[in-house]
Each structure stands twice: as C-alpha cells, then as structure tokens.
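Novice: Each chain, written out:
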Amino acid sequence: MQDPVLKVDGLSVTFRSSLAILDDVSLEVRRGQTLGIVGESGCGKSMTALAIMRLMPSAALKVSGGDIRLNGENLLALDEEAMRAIRGSRAAMIFQDPMTSLNPLFTVGNQVGESIRKNRQIDRAEARQITVDLLKAVGLPDPERHLDYYPHQLSGGKRQRVMIAMAIAGNPDVLIADEPTTALDVTVQAQIFQVLRDMQAASGTAIVLITHDMGAISEMADRVAVMYAGRVVEEGPADEILAAPRHPYTRGLVSCIPRVSDEAFDGWPELPVIPGTVPDLDKRGAGCHFAPRCPLADDRCAARRPPVLQDGERRCACWYGMAGGPAA
Amino acid sequence: MTGSEIATPSLPKIEVCDLRVEFPLRRRSFLDKPAVVHAVDGVSFAIRRNTVFGIVGESGSGKTTTALAIMRLQAATGGRVLLDGADITDLTGDALRAVRRRMQIIFQDPYSSLNPRRRVGAAVREPLDLMGIGTSAEREETVARLFARVGLSPAQRALFPHQFSGGQRQRIGIARALASQPEVVVCDEPVSALDVAVQAQILNLMREIRDDFGLTYVFVSHNLGVVQRVCDEIAVMYLGRIVERADRNALFTRPQHPYTRALLAAVPGRQEAGHRAELPATLAGDPPSPVDLPPGCRFASRCPYAMPRCLSEEPALREGAPQHFVACHLVNP
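Chains as they are written, first to last, in the numbering used here: chain A, 1 to 328; chain B, 1001 to 1333.
Be aware that one or more of the hints could be misleading.
[Unchecked claim] For the chain A half of the interface with chain B, some residues (derived, Cβ under 8 angstroms), not all of them:
#1 Ser41
#2 Asn74
#3 Ala190
#4 Met214
#5 Ala216
#6 Pro258
#7 Ser261
#8 Pro269
[What the hints assert, rightly or not] Only pairs whose alpha carbons sit at most 20 angstroms apart, straight line, appear in this in silico SDA-like list of lysine to any residue:
#9 A:Lys283 with B:Glu1141
#10 A:Lys283 with B:Ser1165
#11 A:Lys283 with B:Gly1166
[As the list claims (entries may be wrong)] Calculated Cβ distances over 12 angstroms to all of chain A for the following chain B residues:
#12 Leu1025
#13 Phe1030
#14 Pro1034
#15 Leu1082
#16 Ala1098
#17 Ile1133
#18 Glu1138
#19 Arg1145
#20 Val1226
#21 Pro1294
#22 Arg1309
#23 Leu1311
#24 Leu1317
None of these hints come from the bench; they were simulated from the model.
The beta carbon of each residue, even a glycine, is placed where N, CA and C say it ideally should be.
Isolated chain A (complex conformation) (with noise of 0.2 angstroms):
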C-alpha cells in the first residue's frame, strides 16, 4: 500500500502546559482519498486542523508530543519560513465561513492570482489566465466577469468557491475542509462537494474534511475517525463504521441525527439523545472522557483510560472491547 501523504502519529497539544487539548491523536490520509473528522463542538477537530497548519490560535498552546509528516517530512521541525513555503503550495486549509478568509478590500482576481504567483514565477498575464482556469474548475460561472468582483457582491456559495479555488491554486498535497459546507444551502453544499470530487479526481489531492454531518461523511469520506474530548475514539473505513458504529459515542452520534428517511412517520417521535455534554478541559478525569454520558460506563471506565484495539482497517478505544459488548 502506498505511504500516507499525511500522517498524524501521538499528537498531543497542551494548553498552559498542563491541561491536554488533544491527546495521543494519530490519524492518515492518502492520496486521492478523504478523510472525515466527526464529533461535537470542543472535541478537538479543528485544533487538529490548525496543529497540523502549524497554525496555533495562542501562545498559550503547545505542541507536547507526536509528529506530523506531510510526505515523511516532519512539519513540526521547521522553522516558521519553512512551514510559510508549505502553507497554501503543498497544504491548504479552507474554512467554515469564506468572508473571514477573504480580503474584503482585494478583488477575485487579485487575491487568486497572488495565491498563483505565490508559488510560481509567472508574470500577472499567466497568472490571470490561470485564475480564469481555476474559477471555472470549481464551478463559478462566467469566470472572467467576477474576476474583478469583490468578495461581497458574491454568494455565500461563490465566496466558498473563490476560496476553493485559492486552495487548490497551488495544487496541494493536501487540502484540509473545516466545515466548508455548514453556512450553505443544502443545494449549493451538494455542488460544493461536487467540486471538492471532481478536483480530488483530477489531482489527487488528500483531502481532510471536518465536520459535524454524518450524510456529508457517508457522501465524501473512504475513512472517518471520530474525536471525543482531544481524543480520536474510533476510527476506520466511513461505511462500516456509519453501519455498525463500536464506539458508544460514534453509536450516540450516527443515531441522534435526524436523516432524511425513507420510512413512513406517525405523529413526533422522540429522538435518541446522547445526554450531557462535552466536559471542560479541566474536569476531563483520568479515564474514558465519555464515561460520564455513556450508557455501558462502570467504575473501571470512569478510573482508567481504554486501550485502543485494533481490529483489521478499524480501531475503537472502548473498554467494552470492539463489539459493543462486554470485553472477553
């Protein structure tokens, strides 16, 4: 089997030294595949993203363990001009909501054409060419008009397409998605995702999408691996594990979303719920941090951390073993 393009092995990020963000997380993606991050607000899914941009919100975080390689390069031993020459040629991220990525005062074209000439030694001409080309791989119609568009007189829908295309413009390795579709329609999230398919096709772009939408995993994703509390609980191949979660918590997660059915309804019926919430970094304990809201919990949940067993193409920590039920 091919090396992993990116490979994420025992990262772990502390905040103030002490308290533990993310915790032993190691994940990978190859080429021409994508995977999916799933789980709830504060689990650690974007700070995985931002660890591996080398892109840290605060001084306050740290890097306490683990490596990434991007390549079989480790990312986290080069200096900041380094990384700087990474970011946007051999990794890209895009974000939730465009308009924060997006100089307000800078037209389409000029913002893609600098992410182009970023990369290569082309004069503007070639660059706007490029430009040109790239607004209409991701879709945007009539590509030469809204080059001298500014970001506001565009759609929620083409804003996230102008900065697809910035991503790409450097043809990266791997493209990171942070919720890329949560602010959109569910029309213009179906062609944003159809972008997203065709470009991976053409390029073979790893692609890493987070989100808290598991219709979008099942669409896009060949692996998913699912965060609880900085921590990766299971991870594995996105259909088996969105048709038979082990995890009580990717079991909680694929059940208490509603999807579109095909069965018929009668009145309101209630919903399975996971109950509680996510804890604070400071009161997560010494075991499973899902133990307070989990189902199965006992002493022994509560006290020690799970072991992580592997099982073929999945992994599961969970003290009651891989099968949901009691371990042997």
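For chain A, the structure is supplied; the task is to place chain B on it using the hints.
Specialist: Below, chain B without anything else, positioned relative to chain A:
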C-alpha cells in the same frame, strides 16, 4: 384536547390567505422606477390546531418572513391572517397586544436573542411584566416553574446569558416563549445553531412542551431530516411562493414538484439509496433575483423539465392527489 377544539373541531388554528410581504428597494436615482422585493408573494395555507406545520426552503425563499408575518412581527402588504377564525391582519393597540400574548416565537440564535447584560430570569419574566400578568411574586414563581420545566435549575435565574451553553440558552428562549401561555409558537430554525448532540435534546423538550401546553407549532427549517420527524404538514417555498404542500409522509415519499425532488436529492448521504441520480445539473445555477421575477414559473430557469409554457405562465398551486398541492404545469397540466 382543549374545550374549544371540541366545540369547533374543523376550525383551523391559523389560516393564511394570499399573504404578501413586499420590501421597497431604495432607488439609485429618482428617475428609476421603484423596485420591490417580493419576499412573500401570495401564500395560502391552514394549520390545524395541535399540529406542527413545517415551512422549508433555501435562504431567500421567504419562509422566515412568512412566519413573522403570521405573528404580525412583519407587516403584510396584502392578504389575511386568521387566528381561530378571527382576522388579526389589521389589529392595533390593545387588541394586537392580546393576540401577541397568544403567539410567541423561538429564534434560531440563542446568542443574539438574549440581552447579555440582563439576568436570564428577568428576560423570561419580561413578557409577564409587559403584559401585566399576575403580581410580582406570582411572576417570579411562574419563571421559577418555567426554568424547572425546560430543564434548568430555578437558581440559574440570577445568571447572565454568557454563563450558559448554547443548548441552555435555547432552553431559556423556550421558557421565555412559554411565559405568556401562548397557543401558537413559531420556531424559526430552533436547533440550527446548536451542536449536533444538543439538537435532539432540544427537539425532545419541544415535543414534551407541545403536549403539555397543547401548542400549535409553525416550524421553519432547512433541515429536512428534522422536519420529516417533527412536522405533520409541510409547505415547500421557493422565491416567495409555495411550490408544494402536503402531508409529511406524502411529501417525503412522493415528492412531486421538481424543486422538492431536487432539494431531497441534494441532502448529503442519500446517494446510496439511489437518490443521487435525481440531482439535476441545472440546479447548479442560483435562483433568479426576487426583484425581477420571470413571468412564468419561478423555478423554470433551474428546472430540468421546463417547457415553453413554464416560461410564460405561472403555475397555480393545485390539488392533484387529495391534500397534496403542487404548483407545476408538468404535474398538474
């Protein structure tokens, strides 16, 4: 069941007839002809009491404006709204205040709908204060009871909004909506801003209080999975018009209008069930501007089945199958 329901079983709780809401646009120059956005453009439906009526559609479809106009929080420029058979469209003063007490709203964003400088107990008590319901001590007691009912501790009344999580803030929003003992509650994207696991908790709470208080809900949402479970009847809106209206199961299992079908096909993760093929490539475009509406069907520019007639003649919302209304020349020729 309430007494009034037994007395008049067939009278709808709410009736909306040919509702219109238009917003004038500022003219660039005095020579321009005045432009108008037709946010809601001739919408009619009836909501049976103690049921949940869903309004779905994308941004700009007019679903929220319709809901606000029902509550008289948005002035209608045409049409009528009836509550228990009584026309409330032109009420003013005390009569309007009396109606407002009977209709409340839960907003999408519990972060922006609470005053950050006010203790949350006072926010929930405010409707009681404004409407002069009970004595001061009775109001406090009501608020404490409401806090307990929505799953908060009565002692939390003294806290400020920032001391609560998103889900707790939405519980406060629900408590405030319940304070005046309304009969109708408009829920405008009530769980869209909440974390996934919290959404189901809040929806279950809304289900319980509907049964406890005998409420009729108007449920505005773009989340089709939620709407399918929660709503009895659903209207699909596109550019200010209802394109399809039907019982929930009929709408989800036998969608008729090409827009409804595209909307359902676009839901991610439906392709395994063989729905993906239905997503028409023409839906790639944006909807036309609500200022310069095309003469025919509003969806024609994005519709894969559009015929010449669709470009010239606007289809009326007509009953094909019983209680299944569709505005489409193809479905109802």
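Novice: Hints first: check each against the structure and report whether it holds.
Specialist: Quick rundown of the hints versus the structure:
1. Ser41: holds (5 angstroms)
2. Asn74: At about 34 angstroms, which exceeds the 8 angstroms cut-off, the nearest Cβ of chain B leaves the hint on asparagine 74 of chain A violated.
3. Ala190: This hint holds: alanine 190 of chain A lies near chain B, its Cβ roughly 4 angstroms from the closest one there, short of 8 angstroms.
4. Met214: Holds - the Cβ of methionine 214 of chain A comes within 8 angstroms of chain B, reaching about 7 angstroms at its closest.
5. Ala216: Hint on alanine 216 of chain A: holds, closest Cβ of chain B at ~5 angstroms, below 8 angstroms.
6. Pro258: holds (4 angstroms)
7. Ser261: holds (7 angstroms)
8. Pro269: holds (6 angstroms)
9. A:Lys283 with B:Glu1141: Since the Cα atoms of lysine 283 of chain A and glutamate 1141 of chain B sit roughly 34 angstroms apart, the hinted pair is violated (cutoff 20 angstroms).
10. A:Lys283 with B:Ser1165: Holds. Lysine 283 of chain A to serine 1165 of chain B sits at ~16 angstroms (cutoff 20 angstroms).
11. A:Lys283 with B:Gly1166: holds (19 angstroms)
12. Leu1025: Correct as stated: the minimum Cβ-Cβ distance to chain A is 17 angstroms, above 12 angstroms.
13. Phe1030: holds (25 angstroms)
14. Pro1034: holds (23 angstroms)
15. Leu1082: holds (25 angstroms)
16. Ala1098: holds (29 angstroms)
17. Ile1133: holds (29 angstroms)
18. Glu1138: About 32 angstroms separates glutamate 1138 of chain B from the closest Cβ of chain A, which puts it past 12 angstroms; holds.
19. Arg1145: Label holds. Min Cβ-Cβ 23 angstroms, cutoff 12 angstroms.
20. Val1226: At about 5 angstroms from chain A, valine 1226 of chain B fails to clear the 12 angstroms cut-off, so the statement is violated.
21. Pro1294: Holds, because the least Cβ-Cβ distance between proline 1294 of chain B and chain A comes to about 18 angstroms, which exceeds 12 angstroms.
22. Arg1309: holds (24 angstroms)
23. Leu1311: Label holds. Min Cβ-Cβ 20 angstroms, cutoff 12 angstroms.
24. Leu1317: holds (21 angstroms)
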